[in-house]
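A.B. asks: Protein chains in written order, with this note's numbering: chain F, 3 to 196; chain Y, 3 to 196; chain E, 3 to 196; chain C, 3 to 196; chain V, 3 to 196; chain S, 3 to 196.
Source of the hints: derived by calculation from the structure; they are not laboratory data.
Errors might be hidden in some of the hints.
The list treats identical chains as interchangeable, and a pair is accepted whether it falls inside one copy or across any two copies.
Claimed, not checked - Computed cross-link-like contacts, DMTMM-like style, restricted to lysine to aspartate or glutamate with a CA-CA straight-line distance of at most 20 Å: (1) K132 with D85; (2) K70 with D154; (3) K102 with E185; (4) K70 with D59.
6 protein chains.
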Amino acid sequence: MTTPAVSRYPVPKLEDLPDDIRARMLEEQEKAGFIPNVFVALAHRPDEFRAFFAYHDALMLRESGLTKAEREMIVVAVSGGNDCMYCFVAHGAILRVYAKNPLVADQVGVNYRKADITPRQRAMLAFALKVSERSGEIGDDDYAALRAHGFDDEDIWDIGNISAFFCLSNRMANLINLRPNDEFYLLGRVPKQK
Amino acid sequence: MTTPAVSRYPVPKLEDLPDDIRARMLEEQEKAGFIPNVFVALAHRPDEFRAFFAYHDALMLRESGLTKAEREMIVVAVSGGNDCMYCFVAHGAILRVYAKNPLVADQVGVNYRKADITPRQRAMLAFALKVSERSGEIGDDDYAALRAHGFDDEDIWDIGNISAFFCLSNRMANLINLRPNDEFYLLGRVPKQK
Amino acid sequence: MTTPAVSRYPVPKLEDLPDDIRARMLEEQEKAGFIPNVFVALAHRPDEFRAFFAYHDALMLRESGLTKAEREMIVVAVSGGNDCMYCFVAHGAILRVYAKNPLVADQVGVNYRKADITPRQRAMLAFALKVSERSGEIGDDDYAALRAHGFDDEDIWDIGNISAFFCLSNRMANLINLRPNDEFYLLGRVPKQK
Amino acid sequence: MTTPAVSRYPVPKLEDLPDDIRARMLEEQEKAGFIPNVFVALAHRPDEFRAFFAYHDALMLRESGLTKAEREMIVVAVSGGNDCMYCFVAHGAILRVYAKNPLVADQVGVNYRKADITPRQRAMLAFALKVSERSGEIGDDDYAALRAHGFDDEDIWDIGNISAFFCLSNRMANLINLRPNDEFYLLGRVPKQK
Amino acid sequence: MTTPAVSRYPVPKLEDLPDDIRARMLEEQEKAGFIPNVFVALAHRPDEFRAFFAYHDALMLRESGLTKAEREMIVVAVSGGNDCMYCFVAHGAILRVYAKNPLVADQVGVNYRKADITPRQRAMLAFALKVSERSGEIGDDDYAALRAHGFDDEDIWDIGNISAFFCLSNRMANLINLRPNDEFYLLGRVPKQK
Amino acid sequence: MTTPAVSRYPVPKLEDLPDDIRARMLEEQEKAGFIPNVFVALAHRPDEFRAFFAYHDALMLRESGLTKAEREMIVVAVSGGNDCMYCFVAHGAILRVYAKNPLVADQVGVNYRKADITPRQRAMLAFALKVSERSGEIGDDDYAALRAHGFDDEDIWDIGNISAFFCLSNRMANLINLRPNDEFYLLGRVPKQK
Chain F
3 MTTPAVSRYP VPKLEDLPDD IRARMLEEQE KAGFIPNVFV ALAHRPDEFR AFFAYHDALM
63 LRESGLTKAE REMIVVAVSG GNDCMYCFVA HGAILRVYAK NPLVADQVGV NYRKADITPR
123 QRAMLAFALK VSERSGEIGD DDYAALRAHG FDDEDIWDIG NISAFFCLSN RMANLINLRP
183 NDEFYLLGRV PKQK
Chain Y
3 MTTPAVSRYP VPKLEDLPDD IRARMLEEQE KAGFIPNVFV ALAHRPDEFR AFFAYHDALM
63 LRESGLTKAE REMIVVAVSG GNDCMYCFVA HGAILRVYAK NPLVADQVGV NYRKADITPR
123 QRAMLAFALK VSERSGEIGD DDYAALRAHG FDDEDIWDIG NISAFFCLSN RMANLINLRP
183 NDEFYLLGRV PKQK
Chain E
3 MTTPAVSRYP VPKLEDLPDD IRARMLEEQE KAGFIPNVFV ALAHRPDEFR AFFAYHDALM
63 LRESGLTKAE REMIVVAVSG GNDCMYCFVA HGAILRVYAK NPLVADQVGV NYRKADITPR
123 QRAMLAFALK VSERSGEIGD DDYAALRAHG FDDEDIWDIG NISAFFCLSN RMANLINLRP
183 NDEFYLLGRV PKQK
Chain C
3 MTTPAVSRYP VPKLEDLPDD IRARMLEEQE KAGFIPNVFV ALAHRPDEFR AFFAYHDALM
63 LRESGLTKAE REMIVVAVSG GNDCMYCFVA HGAILRVYAK NPLVADQVGV NYRKADITPR
123 QRAMLAFALK VSERSGEIGD DDYAALRAHG FDDEDIWDIG NISAFFCLSN RMANLINLRP
183 NDEFYLLGRV PKQK
Chain V
3 MTTPAVSRYP VPKLEDLPDD IRARMLEEQE KAGFIPNVFV ALAHRPDEFR AFFAYHDALM
63 LRESGLTKAE REMIVVAVSG GNDCMYCFVA HGAILRVYAK NPLVADQVGV NYRKADITPR
123 QRAMLAFALK VSERSGEIGD DDYAALRAHG FDDEDIWDIG NISAFFCLSN RMANLINLRP
183 NDEFYLLGRV PKQK
Chain S
3 MTTPAVSRYP VPKLEDLPDD IRARMLEEQE KAGFIPNVFV ALAHRPDEFR AFFAYHDALM
63 LRESGLTKAE REMIVVAVSG GNDCMYCFVA HGAILRVYAK NPLVADQVGV NYRKADITPR
123 QRAMLAFALK VSERSGEIGD DDYAALRAHG FDDEDIWDIG NISAFFCLSN RMANLINLRP
183 NDEFYLLGRV PKQK
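Please build the complete structure, drawing on both the sequences and the hints.
C.D. replies: Spelled out as structure tokens, the structure:
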């Protein structure tokens, strides 16, 4: 079997890319040891690439009441709900690394209600999935339920916007048949490896 | 009754905003005669504001095999499916203006199958709604169906990505209770008015 | 483009109709300035026409604890849920006129939870949609919730029966591709016009 | 256990009813040996009663390309889909009597795909259930599928309108907790009995 | 019309069966007067037959806080939810016999909320259907709701496992088009008959 | 954090178990190096344990037109659809081992349409998921689709029955909060390990 394609669409060669996009890719390669395929595939449209990662970074790197591992939990739970293989696998890896926990990603991705997480985190994921699946029904009661767990309104924006952003991301990955890099599957599963 | 709020979250005053964001708002005001509330509400988070509108502009203003009216049809149909009042009303107005058609927005927003549009546009909207509602099931057959109507792969990316982007947008609007400006409801409905 | 048809089925000429049906149509024309297409299309079957409008009038014109505008809110919310373009557009117009409110119909039709209505009206619409979408689950708790808002049992019958009747009406409109008159789209939107 | 109520709402005494309604009830009693509870319960609102049965009779008694048994099949299949105990049980009885078949009602009510019916009848019920559950998606292909089985457009109106009318009826029965008469459960099951 | 088949798959002759399976069938024939078709059809695979009925007997014959009629209520309600004609009809008969109640099976199979059963039994069936339809959402609150009705944890295991076992059974019956014996339809409906 | 429980229910000690059940457990321990928690938890009810594993073995160990890896693909895809963490994780491990493929389990569990499998296997999983989620709609066309990929009727029984059996299994695991052994998460992911 030949190697399956990264995307339904042509993927540009590194040397053909605008400088800023190539720089971002090399930076990712430096950090992770490989370039995640989402960068490779979205580079097909440089302007959308820039906006996509600007949005991603604004949400995932900002100071927040949510830890980075909690933000990745949202990504993984939402991606499982949206049947998005790329984000389930790739962000599952990132979650394992951030949480230093080899089990939590599979748990949260399949059924967060059964995962080894805190009641506060369960409330966070229930809200994130409601934003993903029935956002029109979000109301004051949902805000109140999160506040009862100590989330403030900025945290709730973060939870909701991360869920919303990965609703975009999951759909793009499904649209273009984005393939996870093989490296992601094992990442964060073997203690010494990290 | 007092005027209902624009958003669950505080909205910044124009004079307190970063220059680039204030400039964008004034430009919108210039164009439309008022500042659409999505600008006002998202300015609460300047970095996310910039990424959101960069993404929006990359998709909605680019050269494309889809007309601007067709792109707005996608927005309105997807927003109806996601029970998003803001985007249904605001983009319904924009669609009426672009299409120079006072009826099409309500038609497409409630049930595109009954709308006065071409078979090609109906295929486009069927695909956009599948991306919105069951993106994990998108496959080769869906691509083939669009190609049979003359769409090429770049057009399909446009349809899918516009749908995906407004899946994000609809969820944010529902999350923060974003209120459409009163002006949108009538816009594009009365011939002379434009 | 030729004018799209009013219905998939033949529509009778006014002069070929039984006297009572023609009289009803002329009365509507008198009142509204045009004959709503639902009259034209359903006249294809005079006995069903008579029963349909007898049922409609029994519910919509009777003395009730619900105002006429509230009854139309139910129609519009249920029709939105059933993807019925005819009733969304036509009863949206009637709702705007009765409520003397150019915004409420679009709001209630897309997502009543975000509409500028009272909590009592929101409870009314939640019940109406449950009757429309999951009537088998209606139970004592649903009655209790409405009574807590001051509805008595006759009001609840009204809410439920209006929802049920438009579940019939929406399906007929979808079955026969019933087309809203162009006049409805603008009706009640421009203050002086009324 | 005391006899459970016929309806959540008060049921009028026969002697207190308007003459035409009492006459209809006595006629039903004559025919069936008992008054079906739907008459008793809906008499709570005489005008709606009259319209309801006028609609019912217009559809169920007219000359049609569908036999009476086929029309009752539609009722039973739709009522099963809507979780309506009254119509499932009461019209199941009527179907058994009309079809002279003690098995077909339970079959059609639970899963028409497995019932001992003709392919033409299966196509009829598939359409009826689509009208009941996803009427907004009814299109030319659905009409074509029925025409291929020999149904003409008037037959299709009958199928669709019977489905639509029992969508109303099922919701009313669920709303008021309409209880089937005990007699219905056995009717048409024992050959000699008829 | 020829007699419809018992199953999509070949059904073995009694004399060709392994002794233990033939013995079980003759025992059923002794008890009921006929061999239920589920025995005939599953005998196609003797090992699966043995495991299936061992599981069935372990659940349905054991000492339990649930009566045998209550266990059959679960079967009928779950089978209705799964559109399984065989189990709805066959276990409906068994339920009528155990409960000495000719009405309860149809009621519970179509809509348990409207059935003549106790609040405790309604809670039992709500749980059974949640296990059938959304088992991933079962949580502590569901256990608490049943305990409030006097069920202990072993009873809850019984409810859940009966529901789960008939989720298997319903799917097998649907897979192989398992046909209920004609005898089941009338069984337990006519008082003297038993 | 203390070690989370294996099950909501008490788990018996190895020495308190009936001989045959203890023997089966020790055999599993021999084979895998640990006792999968499904054995530990289901031993709470010895008779159900015996029937459950007899059914399991009859399906999963028999001669079949499906390879063992293909059978585990069905388990993993169905378990993903049913939000069952135990079976997703435990059978994901078994699938990786049988298929000698560290990637396929996550792929098939999240979205089999995007997995690196053959078209024949995709058809197999589409059928298995239809049995799991809409078994009442299985019909001749579904059989024909599988035969076109070379499956015979016994293979189709296998696919359907494995799906049905894990519908039982998934519900039991969700009911009792069955926890996957930590060992499963990594099994079959690291080449040399096998």
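A.B. asks: Using 20 Å as the alpha carbon limit, work out where K132 and D85 are close: within a copy, between copies, both or neither.
C.D. replies: both (16 Å within a copy, 13 Å between copies)
A.B. asks: Tell me, please, which holds for K70 and D154 at an alpha-carbon limit of 20 Å: within, between, both or neither?
C.D. replies: within (17 Å within a copy, 39 Å between copies)
A.B. asks: Have a look at K70 and D59 and pick one of within, between, both or neither, based on CA distance no larger than 20 Å.
C.D. replies: within (12 Å within a copy, 29 Å between copies)
A.B. asks: For K102 vs E185, is the C-alpha pair at or below 20 Å within one copy, between two copies, both, or neither?
C.D. replies: Classified as both; 17 Å inside a copy, 17 Å across copies.
Taken one by one, the earlier hints all hold for this structure without exception.
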